[in-house]
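Undergrad: Here the protein sequences line up with chains A and B, keeping their order. Each number in this note's numbering comes from the position in the first sequence (counting from 1) with 1284 added on. Each number in this note's numbering comes from the position in the second sequence (counting from 1) with 2 added on.
One or more hints might be untrue.
Here are the simulated DSS-like cross-link-like pairs (lysine-lysine), alpha carbons at most 25 angstroms apart as the crow flies [claimed, not checked]:
no., chain 1, residue 1, chain 2, residue 2
1, A, K1367, B, K138
2, A, K1368, A, K1347
3, A, K1406, A, K1421
4, A, K1368, B, K132
5, A, K1409, A, K1347
6, A, K1347, A, K1314
7, A, K1347, A, K1421
8, A, K1489, A, K1367
9, A, K1457, A, K1314
10, A, K1457, A, K1347
11, A, K1409, B, K9
12, B, K43, B, K161
13, A, K1314, A, K1489
14, B, K88, A, K1409
15, A, K1457, A, K1421
16, A, K1400, A, K1368
17, A, K1400, A, K1457
18, B, K138, A, K1457
19, A, K1367, B, K132
20, B, K9, B, K138
21, A, K1457, A, K1489
22, A, K1406, B, K43
23, A, K1421, B, K138
24, B, K9, A, K1400
25, B, K138, A, K1400
26, A, K1314, A, K1367
27, A, K1457, B, K132
28, A, K1368, A, K1489
29, A, K1400, A, K1421
30, A, K1367, A, K1409
31, B, K9, B, K161
32, B, K161, B, K88
33, A, K1368, B, K45
34, B, K183, B, K9
35, A, K1314, A, K1400
36, B, K132, A, K1406
Some chain B residues well away from chain A (every beta-carbon gap over 12 angstroms; in silico) [unchecked claim]:
no., residue
37, G75
38, N84
39, G86
40, Q134
By construction, these hints were calculated from the structure, which means they are not laboratory data. For every residue, glycine included, the Cβ atom is placed at its ideal position computed from N, Cα and C.
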Amino acid sequence: MAILEVNHIEKHFGNTEVLQDVSFSLEEGKALAIIGSSGSGKTTLLRCLNFLEVPDGGTISVKGEVLFDAARANKGRDAELRKKRLHFGMVFQAFHLFPQYTALQNVTLAKELLAKEQPDYKSRKNEILAEINEQGKDLLLQMGLEDRMEHYPHQLSGGQQQRVAIARALALKPDILCFDEPTSALDPELTGEVLRVIRELAEQKTTMIIVTHEMAFARDVADQIIFMDGGVIVEQGDARQVIEAPREERTRQFLTRYTQG
Amino acid sequence: MFWTVTKSLLSGLGTTFEIFILTLLFALPLGLLVGFCSMSKWKPLKYLTEVLVWIVRGTPLMLQLIIIFYGPGLWLGHNIWNGGEKGRITATVVAFVINYACYFSVIFRGGIEGVPVGQREAGQVLGMTKSQIFFKVTLLQMIKRVVPPMSNEVITLVKDTAIARIIAAYELTFAGYSFMKSAGITWPLFYTGVFYLIFVGILTLLFHFIERKLDYFR
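Okay, chain A solo, but in the shape it has when bound:
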């Protein structure tokens, strides 16, 4: 069964239709890449999944549980909304690391705050915090940042910052990890180190949705690709097929423009 099911999502800002009847599903352990030109609605779709935008129509379900249903206008309370958000992790284009915390603190902060809600927090406080700290170090190690843990974001390169942001999102063990153009703010020579990390996550069967402009990367790493244009899904299918043998004319045009650069 699919871990994520998105059905008939609609979103408009004023009179502009940003998303129209967007539906797709994603199996556990698979990676989905969303491609398309700027303004096609890719980022808005990710923001809807993370509840940073409220869709005007449609449903979003994770593991069979309906998290969002526009028909039931669930203006969830803050606490409920927070719980729902935790199904998803989000890596932003511009990193958005917290500047006043070290790399390690960035990774552990949210987890520490969440741990305070555990019933046994008071009695096991030191133990819990030590655990969180260890987990944070492990994640940064996995990102190849073992010698950067105590650095502040401004002391890190863009690629390093983005890897910290990935570790920060992973720390809460989301069911689905979302990337919003994770390399678009990076110099070409720093893009590789971030893509390598995402590739490793794919190999470890992390369920992921990646909005990207890196076509070759999408083809090699993703299992599935969605091509969006003008707020609708024009084509979706097997990654290799969509990139190498697109069925739709509009997909072909987009890809040609891309390869011609």
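With chain A fixed as given, assemble chain B onto it according to the hints.
TA: Relative to chain A, chain B alone:
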């Protein structure tokens, strides 16, 4: 003579310091409140606040002080400020608090709006509550943004206290000036300047210290 002047100036400094501290004490929280009002999503409150800030920042503090001190007496027929030095200082502090709260509100607003939206969104997707996002993520970034313009305002406030002289509050400038009037000597005026310089010098060091403390992040 030197000791007489010093004693008088110290007494004037006491009043200056009183106006300074009380103004900060009340204008800082009031400024935050006015700042929030000016960012309100409820338009009438937002516009009302903006008009208030425009009037207060658009007219001389000295004029505001004169109106606040003399106005009630002339309109109501009796002076609400109590006669004597206490009443003058109270009126001065009221005028200064209103004036400085409006200036502070603009600074606070800039500080709050200057923290990128992405910071709040990053907190949201990490499951933080609104108050956790404010206290753990945005507050310190806001303070860092607010310190440099704030140090400007605070230093200006030190010298603005001299405006209280217009309603004959016996503050530092008045104290120095009185010797020129009574004894025809000018050196107490320069001596008065030294008092201000030391006062501002200490504040400058304090703000440098705070800025250095917050220098570890960008």
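Undergrad: So if I understand the rule, the pair passes when the alpha-carbon distance is 25 angstroms or less; does K1400 of chain A with K1368 of chain A pass?
TA: 18 angstroms, holds
Undergrad: Please verify whether K1347 of chain A and K1421 of chain A have alpha carbons no more than 25 angstroms apart.
TA: Distance of about 29 angstroms is beyond 25 angstroms: violated.
Undergrad: Next pair to validate is K1314 of chain A with K1489 of chain A; report whether the Cα-Cα distance is within 25 angstroms.
TA: 6 angstroms, holds
Undergrad: Take a quick look at G75 of chain B and tell me if its Cβ sits farther than 12 angstroms from every Cβ on chain A, holds or violated.
TA: 51 angstroms, holds
Undergrad: When you check the alpha-carbon spacing of K1409 of chain A and K1347 of chain A, does it fall within 25 angstroms?
TA: 31 angstroms, violated
Undergrad: Is K1406 of chain A close enough to K1421 of chain A, meaning Cα to Cα at most 25 angstroms?
TA: 23 angstroms, holds
Undergrad: Between the alpha carbons of K1368 of chain A and K45 of chain B, is the straight-line distance 25 angstroms or under?
TA: Answer violated: K1368 of chain A to K45 of chain B is near 32 angstroms, above 25 angstroms.
Undergrad: K132 of chain B and K1406 of chain A were given as a pair; does the straight-line alpha-carbon distance stay at or below 25 angstroms?
TA: Holds, at roughly 23 angstroms.
Undergrad: Is K138 of chain B within 25 angstroms of K1457 of chain A, Cα to Cα?
TA: 21 angstroms, holds
Undergrad: Non-interface claim for G86 of chain B: all C-beta distances to chain A beyond 12 angstroms?
TA: 49 angstroms, holds
Undergrad: Check whether the Cα positions of K88 of chain B and K1409 of chain A lie no farther apart than 25 angstroms.
TA: Measuring from Cα to Cα gives roughly 54 angstroms; hence the hint is violated.
Undergrad: Do the alpha carbons of K1457 of chain A and K1314 of chain A lie within 25 angstroms of each other, as the hint requires?
TA: 16 angstroms, holds
Of the numbered hints stated above, those contradicted by the structure are hints 5, 7, 11, 12, 14, 20, 22, 24, 33, 35, 40, listed in ascending order.
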